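Work out the full structure: start from the sequences and follow the hints.
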Amino acid sequence: MTEAYYKLLYDVLRAYNRCTPSKVVRLRHKQIFVFGTDANGSQRYGAAGLAAKNFGAQIGVGNGRTGDSYALPTMGCTLEELGASILQFEQYARENKGLTFLVTPIGCGHAGFKYEQVAPYFRGCIALDNVMLPEQFLCFFRKECIEKLHIKETNSANNNQEVDYYLLYDESVHPVLKYLEAHSIPFSKDGGFSLVDENDNVIAEAELCIESEKIVFYPNDQNSEKALVAAGYTIMSVNEYLTSKF
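Residue numbering for the sequence shown follows our numbering, starting at 1 and increasing by one per position.
Worth double-checking, as some hints may not be accurate.
Straight line, CA to CA, 30 Å or less: simulated DSS-like cross-link-like pairs of lysine-lysine [what the hints assert, rightly or not]: (1) Lys178 to Lys97; (2) Lys97 to Lys30; (3) Lys23 to Lys178; (4) Lys97 to Lys53.
If you anchor each label on the Cβ, the simulated ranges turn out as follows [as the list claims (entries may be wrong)]: (5) Gly124 to Val202: 36 to 42 Å; (6) Gly46 to Pro120: 20 to 26 Å; (7) Val202 to Gly46: 22 to 28 Å.
In short, the hints are calculated from the structure, not lab data.
Note that the coordinates shown come from a computational prediction; the quantities given were computed from them, not determined experimentally.
Ideal Cβ positions, reconstructed from N, Cα and C, are used throughout, including at glycine.
Below, the structure is given as structure tokens:
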């Protein structure tokens, strides 16, 4: 692909504001949950289990829409087969502009594919206003542009250090990154937050994400949750979070 393409893609991604929440609890009117499942549509685990339980995904359907869900076959499928199904989904989304599709990190869980393998198949969805893509896929595309265009951005808080991680996130997340930097709170370029003890040993980790227009951290496991609580952080239930004002 040409340099002009990556410049255009970079500009589109900088203004992109349709990121799928990392944890979808409920759907709004005319929203469709897009998830990966096995070819038999067993809908047992992970996003597939959630789709069957909460969003009307039909058992036995491994490809296509049922209820407020759209299944894509991942488990037991080749990458090429998954790619073909994704292109079919893209066409379906183009033909149904009245619906909004929340795409999860398809195939990157139990199916074992990597983000960089699956994301390219969703390239055509970037320009679709009714498709929301997960942060992991958007991060892949941003990194791709940065590498192809050799982009570097200087952090205004530290002009001696060249960083590019601001370009990996939607602008709505930038205030959070600046807060973490200003308070010397360690975090990774991929959006991870780490809590360390007095010896700089990591005792808790959490994931940075956007959920229902709010920026939050999700503890990675129960041990991290306990360590965060012990350090004075507040852990909110889903209902408390959804009704909170911050």
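*Hints not upheld, ascending by number*: Those not satisfied come down to hint 1.
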